[in-house]
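Chain by chain, the residues run as shown.
There are 2 protein chains.
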Amino acid sequence: MDLSAHLKARAQVIEAALDRYLPPASAEPARLHEAMRYSMEAGGKRLRPALVLDACVAVGGDEQAVLPTACALECIHTYSLIHDDLPCMDDDDLRRGRPSCHRQFDEATALLAGDALLTLAFFLTATNARQPGIGPDRAAQATAELAEAAGAPGMVGGQMLDLMSEGTKPTAELVETIHLKKTTALLTAAVVCGAILGGGSEAQIAAFRRYGRGMGLAFQIVDDILDLVGDEAALGKPVGSDLDHEKATWPALFGIEASRAVAQELVEDALAALAEFGPEAEPLRMLARFVVERDR
Amino acid sequence: MDLSAHLKARAQVIEAALDRYLPPASAEPARLHEAMRYSMEAGGKRLRPALVLDACVAVGGDEQAVLPTACALECIHTYSLIHDDLPCMDDDDLRRGRPSCHRQFDEATALLAGDALLTLAFFLTATNARQPGIGPDRAAQATAELAEAAGAPGMVGGQMLDLMSEGTKPTAELVETIHLKKTTALLTAAVVCGAILGGGSEAQIAAFRRYGRGMGLAFQIVDDILDLVGDEAALGKPVGSDLDHEKATWPALFGIEASRAVAQELVEDALAALAEFGPEAEPLRMLARFVVERDR
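So the protein sequences, as listed, match chains Z and F.
Numbering-wise (my numbering), the first sequence opens with residue 1 and increments by one.
Numbering-wise (my numbering), the second sequence opens with residue 1001 and increments by one.
Treat the hints as calculated values from the structure; they're not laboratory data.
Among the hints, a few may not be true.
[What the hints assert, rightly or not] If you only want the chain F side, here are some residues facing chain Z, beta carbon under 8 Å, derived:
hint, residue
1, LEU1120
2, ALA1139
3, ALA1147
Quantities reported herein were computed from a predicted structural model and do not represent experimental measurements.
Quick reminder that beta carbons are idealized off the backbone N, C-alpha and C, glycines included.
Work the whole structure out from these sequences, hints included.
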């Protein structure tokens, strides 16, 4: 099986579903809907929704039935990028080679588009209850899981810690906490929600938590390494920007080689977490390996 | 029964619950948690959570069991105020006589505090499933109801329409659409969620939708009248600010007396919607009457 082909096929299904779930650009307020769609259509790997589908399949669930929650993960990821790019945050003019949402529209529209996407995410997880074989119990559980991962205990809290750490010399403990909250929480929620909705056992859900932790932390460490050494054109953003801001990163603390070794160990642990699963978990294994092997 | 005493008793219960649900100010990231609590503690009438409890009681439900969702309504109301006050929106330095969140902290913290409160709201509605007598079916329904009312189809969409209407001469139809989305949707969601969670029938839920529409629209019209004629000190904000911005309001279109008459008619309709209910809906009736009689 080829991971790239797998992700491309997943992205097609996810993008078709997103088009159904997002408010039409033709309806009022058109400007809000256009901004939501502009940022959602900017692309990316659709990694988080793919993880929902892959985790659901790994526990024997029906991937079609969890598409709303898969799309909810992408809504939350995209809202976080829109708000992070705002002038009061990272003040980024570009996102994936195009003007960021507030540059393409304006700050107020970008703020509201982010708010609307975050809110849409929970509409999708709640109404996922209506899909065949899902039911409200699993939908309510997945909604709570996602809200915890995205909010103050998770992503938003990590973003705040990251902002506060700028210009200071962070400890290894703080860097790990930031990574766990800012990136890993949402990636873990993706596989855990997929497993909950797919009818996974407590043991399977626990295995996916461990998988998410290892894969997610490795993902962030490799991201920070690529930001230091990666090819500017391949990444589509200026190299070394994290070092300029004295941001909390693993390679800044321990160097690139040691950081690569840590990422490798974390991915090994993620793979070990999947030991009880058969070939149906193969996409998740390939994804974990890809995280440390990618060059962009 | 005295409405003021009723609302005060409700506010005490709601504020005690909010204190339990909000992340502790002592935990990291303390600055984020402090900003969330600063804005949540700024007070106000706690009207929306009171509506959840009152609607639940009116259909024979247990008010204790719906406290998480009642608090979710207040989280969403407060997040919307924090984001509305930001420089890229209304750029307000004051909120209820105190510095607005971004003036007390900073813009990034205010943005994130709003995001975290919005996310916490859905954690609360989803985990409301665990309260006695509620269950996941009602919790998932209430979550979807709230997400629709708060998002692009409701409050956020209304905010966007309102922004876009500034500096133009709005039609009566547009003003009504803005009011329905921006204010009425969330007030209606409060009573509808209370009725859903309390085990109300379809007919009762429909009655509350009608009640919410009449009461909510009247609430906004009276707000706009008070903004024109109200006493500056009583309101705690400069009078006439909506006229300066050429914002879409009912009194600006039709004058104060005609607007008062419309508000009165809407409240009559809200009261008519409650005709099938007995004395257990009395707080909701008093609230509707208060909406047109208040002077602040």
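Inset, instruction - Against the earlier hints, flag every one the structure doesn't satisfy and list their numbers going up. - result: Nothing - there is no hint that the structure violates, so all of them hold.
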